[in-house]
Amino acid sequence: MMPKWTIFDYVDPVEGNLFKAWSSCLQKKELAKLNNRLDALSTHGPELIPGILSPTGLASIFKLKIHGNVQLRPLLCEGPGRGEEAFTLLLGAFEVSNDYVPIGAPLIASRMRESLIKDMRRRVIHERVG
Amino acid sequence: MSELVDKVRNEFQNEEYRHSYAEECVNTMIATQIKILREEREMTQSALAQKAGMAQPRLSVMENADYSNWSINTLKRLARAFDVSVSVKFETFSNVVMDFEEMCRANLSRASFKDDPIFRSAKVRTHRAFRAKRINSDAEQNALQGTQRAQGTQQLLPFNVTELVPRRSRDSEEYSSAQKGAVSNEALSSAAR
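Protein chains in written order, with this note's numbering: chain A, 491 to 620; chain B, 171 to 363.
Keep in mind the hints are simulated off the structure, nothing from the lab.
Errors might be hidden in some of the hints.
[Unchecked claim] List time: in silico DSS-like cross-link candidates among lysine-lysine, alpha-carbon distance up to 27 Å:
| no. | chain 1 | residue 1 | chain 2 | residue 2 |
| --- | --- | --- | --- | --- |
| 1 | A | K494 | A | K510 |
| 2 | A | K555 | A | K519 |
| 3 | B | K284 | A | K518 |
| 4 | A | K510 | B | K177 |
| 5 | A | K510 | A | K608 |
| 6 | B | K259 | A | K519 |
| 7 | B | K177 | A | K555 |
| 8 | B | K177 | A | K519 |
| 9 | A | K494 | B | K177 |
Please build the complete structure, drawing on both the sequences and the hints.
Pasting the structure below:
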């Protein structure tokens, strides 16, 4: 079965692929859960699996809720190209005591999305860390 | 064969990784199947919760890919509410990953007893023949798998011998016959040796 949806990583003009750097710091167990969720998203899209995307309170910015000893909250957006079946991973974040780490993560992700819309070259096909 | 299996092949060499990944697959498949079965029966979460003897908020939490705290008793209660049975089996990682990859409404859909085609039909003799055919087919598949392991190929068969979530589409006589045909004579004679 071919993946239906393409997953991209946002690339910061100065710091590069921050999502890949964030993923590289995760333990195997957390990494497995993260990769599973991304595989689910790319294979089945956002419709089939209930609750795969959670809202963040900011329009167009979603989070993946990955439970465990460390609460992963990768932030992403759909597209953002018009009509494309894609998601872009914007920022790797954690949830600690009901707060995002880094603080204000959805807002940071939203700015990244805006910057990406202005220059769509600021993303690469998702670089998987296994 | 399976793009997802190829994708995770190296990653699965790590024990912790493969167990965590497979657990997530199972959690996601159960949550998705509950939602699909509920929608097929045109039930609201409240109606299903009431039928299963649980609170609606609890069901809402279960109908979410994040939920992981499953118990067999809870699954039995939901099965009763859907008028289906629960099948809990130990499974190979490859089958779990392939089931996860092939997950779709049709594969997760299950008829309740009153709509079960086997029980609706009076052609008992035909069904007995069908079951016997399936058993023979399974035996051939097992023999072939054994041979492949002995040869150290690690090559996976294009079908499952046992299934965590039996696939309706694979449960048909046509599928069984097609797979039977797919097993070559050479492979079978090699298995017999």
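Results for each hint:
1. A:K494 - A:K510: holds (22 Å)
2. A:K555 - A:K519: The hint holds at about 15 Å.
3. B:K284 - A:K518: violated (46 Å)
4. A:K510 - B:K177: Judged against 27 Å, a Cα distance of about 17 Å means the pair holds.
5. A:K510 - A:K608: OK: K510 of chain A and K608 of chain A at ~22 Å, within 27 Å.
6. B:K259 - A:K519: Answer holds: K259 of chain B to K519 of chain A is near 23 Å, not above 27 Å.
7. B:K177 - A:K555: With Cα atoms ~23 Å apart, K177 of chain B and K555 of chain A stay inside 27 Å; holds.
8. B:K177 - A:K519: The given pair, whose Cα atoms are some 17 Å apart, holds under the 27 Å limit.
9. A:K494 - B:K177: holds (15 Å)
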